[in-house]
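Asks: In case you want the letters, here they are:
Number of protein chains: 2
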Amino acid sequence: MAAHSPSLLIAWQLNNKNVLIVGGGEIASQRIDSILSTPASITLVAPLDGLSIRTTEHIVSHPDRITYHNRLFSGPDELENIDMVLTALDDSDRTREIVNMCRAARIPVNAADIPDLCDFYFGAQIRDGPLQIMISTNGNGPRLASLIKSKVQKNLNGTEGKAILKVGTLRSMLKGRAPGVGGDVGRRRMKWMAELCNTWEMEELALLDEGMMVKLLDQGWEKDCVPTPEEIDRSLKRQGQSQQILIPSIIGIVSGALFVTCLVVARRR
Amino acid sequence: MAAHSPSLLIAWQLNNKNVLIVGGGEIASQRIDSILSTPASITLVAPLDGLSIRTTEHIVSHPDRITYHNRLFSGPDELENIDMVLTALDDSDRTREIVNMCRAARIPVNAADIPDLCDFYFGAQIRDGPLQIMISTNGNGPRLASLIKSKVQKNLNGTEGKAILKVGTLRSMLKGRAPGVGGDVGRRRMKWMAELCNTWEMEELALLDEGMMVKLLDQGWEKDCVPTPEEIDRSLKRQGQSQQILIPSIIGIVSGALFVTCLVVARRR
Numbered sequence: 001m002a003a004h005s006p007s008l009l010i011a012w013q014l015n016n017k018n019v020l021i022v023g024g025g026e027i028a029s030q031r032i033d034s035i036l037s038t039p040a041s042i043t044l045v046a047p048l049d050g051l052s053i054r055t056t057e058h059i060v061s062h063p064d065r066i067t068y069h070n071r072l073f074s075g076p077d078e079l080e081n082i083d084m085v086l087t088a089l090d091d092s093d094r095t096r097e098i099v100n101m102c103r104a105a106r107i108p109v110n111a112a113d114i115p116d117l118c119d120f121y122f123g124a125q126i127r128d129g130p131l132q133i134m135i136s137t138n139g140n141g142p143r144l145a146s147l148i149k150s151k152v153q154k155n156l157n158g159t160e161g162k163a164i165l166k167v168g169t170l171r172s173m174l175k176g177r178a179p180g181v182g183g184d185v186g187r188r189r190m191k192w193m194a195e196l197c198n199t200w201e202m203e204e205l206a207l208l209d210e211g212m213m214v215k216l217l218d219q220g221w222e223k224d225c226v227p228t229p230e231e232i233d234r235s236l237k238r239q240g241q242s243q244q245i246l247i248p249s250i251i252g253i254v255s256g257a258l259f260v261t262c263l264v265v266a267r268r269r
Numbered sequence: 001m002a003a004h005s006p007s008l009l010i011a012w013q014l015n016n017k018n019v020l021i022v023g024g025g026e027i028a029s030q031r032i033d034s035i036l037s038t039p040a041s042i043t044l045v046a047p048l049d050g051l052s053i054r055t056t057e058h059i060v061s062h063p064d065r066i067t068y069h070n071r072l073f074s075g076p077d078e079l080e081n082i083d084m085v086l087t088a089l090d091d092s093d094r095t096r097e098i099v100n101m102c103r104a105a106r107i108p109v110n111a112a113d114i115p116d117l118c119d120f121y122f123g124a125q126i127r128d129g130p131l132q133i134m135i136s137t138n139g140n141g142p143r144l145a146s147l148i149k150s151k152v153q154k155n156l157n158g159t160e161g162k163a164i165l166k167v168g169t170l171r172s173m174l175k176g177r178a179p180g181v182g183g184d185v186g187r188r189r190m191k192w193m194a195e196l197c198n199t200w201e202m203e204e205l206a207l208l209d210e211g212m213m214v215k216l217l218d219q220g221w222e223k224d225c226v227p228t229p230e231e232i233d234r235s236l237k238r239q240g241q242s243q244q245i246l247i248p249s250i251i252g253i254v255s256g257a258l259f260v261t262c263l264v265v266a267r268r269r
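Keeping their order, the protein sequence lines are chains E and A.
Per the UniProt record's numbering, the first sequence runs over residues 1 to 269.
Per the UniProt record's numbering, the second sequence runs over residues 1 to 269.
A portion of the hints provided could be inaccurate.
With a straight-line Cα cutoff of 20 Å, these simulated SDA-like cross-link-like pairs (lysine to any residue) come out [to be verified]: (1) E:K237 x E:V214; (2) A:K149 x E:K237; (3) E:K162 x A:E201; (4) A:K149 x A:T169; (5) A:K17 x E:R71; (6) E:K17 x A:D116; (7) E:K191 x A:P142; (8) E:K149 x A:K17; (9) E:K162 x E:M213; (10) A:K191 x E:V214; (11) A:K17 x E:K162; (12) E:K191 x A:K191; (13) E:K149 x A:G75; (14) A:K149 x E:R127.
Because the hints were derived from the structure by calculation, they are not lab data.
For reference, chain E alone in the conformation it holds in the complex:
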């Protein structure tokens, strides 16, 4: 059975894309949930009298994201400017017709409850900022997928998303210092970032701030090594201490000079 062969799990991009959802029942509202968490626009085609409460709520609360048409799916014209189609209908013959139109227009399509007609399946998802985890049973047991999801979720400590964000920022800063796609510099960047992630704990990465990132690049990247969090911390403290000495010294010198200037000026008068 098609539902049992291994899939390619991928993170599909929906920037500036339009997703058409056909049907307005409970499953349609779950599909709307999934798409609302991406940047895509939604076009929803379903007769008003078949809308679930949650679908209605979605339409009302997201007029900027959802364009709703109170009608049955009318034909291939509905597919114009559409990048992905999700059907959630009880009528499997009609679903098959819509899927065929999508195939003709080469638009990826998911047909709820009919795995054989799907270009892709959904799965249970975990999200923590930029971290996304998907659990798929390849159509064998959606309920088990959500049980495994809870199990996985319990074992993440909540710093993962933050750590990923910080590492992303550091990587952008590094690309600023050492630009270029691929090649030697790309490989060196990748190697240095990997070493950092292997040496630092997730919790330590999550605590990185901009000052620490600059230090890391100055004392790590520039010298081709990866300092420990303690080294970065010590070096920032030393910098702080030397500022504590420097500022009073500067104030002292300036006041001294001012004093002497005043004396000289006073004497001249």
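Given the structure of chain E, go ahead and fit chain A onto it with the hints provided.
Replies: This is chain A only, laid out in the frame that chain E set:
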């Protein structure tokens, strides 16, 4: 930046599909790994002198799965009968050209190392039979994805894949008894399966065999309840015991009848 917006994680189907990989280096060999674990055929276009050792190994060990062309990507004709394209080139201008050809032909494309050109990203993956888990950092930190992957993997106990397979088989048997897509019967099936998965432990589901599944359907589905593993076990033992009584009884009766028949026959002579 595009790489940072949330993706839609999906399980893409590659039954009877052809995936074109352009480039033969280290990243290309990782792409081949990913696709070999699906049912797709691979077309690989890359000059021989740029192949990594692993890519060469793949070509040699999977002549049934990989069609190799020793040449540079030549133009739009390469895209004929192709369902997905993965580029793994150092030349970002050439990559952009290939991506544009894919867009024109509406073929999903991933361009290694250039997130802005990708229709989809890859992520760290875990596989246990029908169970697949993907960890994506949305382009923020591939190294962290693989660290989180190890963390997740440690917390799965290895029965999950088996449990999913067993539940899949039970679901097919149930669909045989109570067929139909969607509607009332679909909802009742879904509800019963969900209740079973909530009541039974993953380890218990993994131990299901065909006899137990038949019992579960007879005593559970037919009576609209979900028996515990202990109830199924007891009922199977009872059945075993009654067979232990039944078989000797039948043998007894048959031997008795045979004995009498022999006597009668003997007497008549």
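Asks: So, for every hint listed, does it hold in this structure?
Replies: Status of the hints after comparison with the structure:
At roughly 14 Å between alpha-carbon atoms, K237 of chain E and V214 of chain E fall within 20 Å of each other, so this suggested pair holds. About 35 Å separates the Cα atoms of K149 of chain A and K237 of chain E, which puts this hinted pair outside 20 Å; it is violated. For the hint linking K162 of chain E to E201 of chain A, the alpha-carbon distance of about 33 Å lies beyond 20 Å, and the restraint is violated. This hinted pair does not check out: K149 of chain A and T169 of chain A have alpha carbons roughly 28 Å apart, beyond 20 Å.
For the given pair, K17 of chain A sits about 35 Å from R71 of chain E by alpha-carbon distance, which is inconsistent with the 20 Å threshold. Pair hint K17 of chain E plus D116 of chain A holds up; C-alpha atoms about 14 Å apart against a cutoff of 20 Å. Taking the CA atoms of K191 of chain E and P142 of chain A, the gap is near 12 Å; set against the 20 Å cutoff, the hint holds. A threshold of 20 Å between alpha carbons decides the hint, and for K149 of chain E with K17 of chain A the separation of about 29 Å lies outside it, so the pair is violated.
Using a Cα cut-off of 20 Å, the hinted pair K162 of chain E and M213 of chain E holds, with the two alpha carbons roughly 14 Å apart. Annotation: proposed proximity of K191 of chain A to V214 of chain E is violated, straight-line Cα distance about 55 Å (limit 20 Å). This hinted pair does not check out: K17 of chain A and K162 of chain E have alpha carbons roughly 38 Å apart, beyond 20 Å. For the suggested pair K191 of chain E and K191 of chain A, the alpha carbons sit about 49 Å apart, so the restraint of at most 20 Å is broken.
Between the alpha carbons of K149 of chain E and G75 of chain A the distance comes to roughly 44 Å, so the proposed pair goes past 20 Å and is violated. Restraint check for K149 of chain A and R127 of chain E: satisfied, since their Cα atoms lie roughly 14 Å apart, inside the 20 Å limit.
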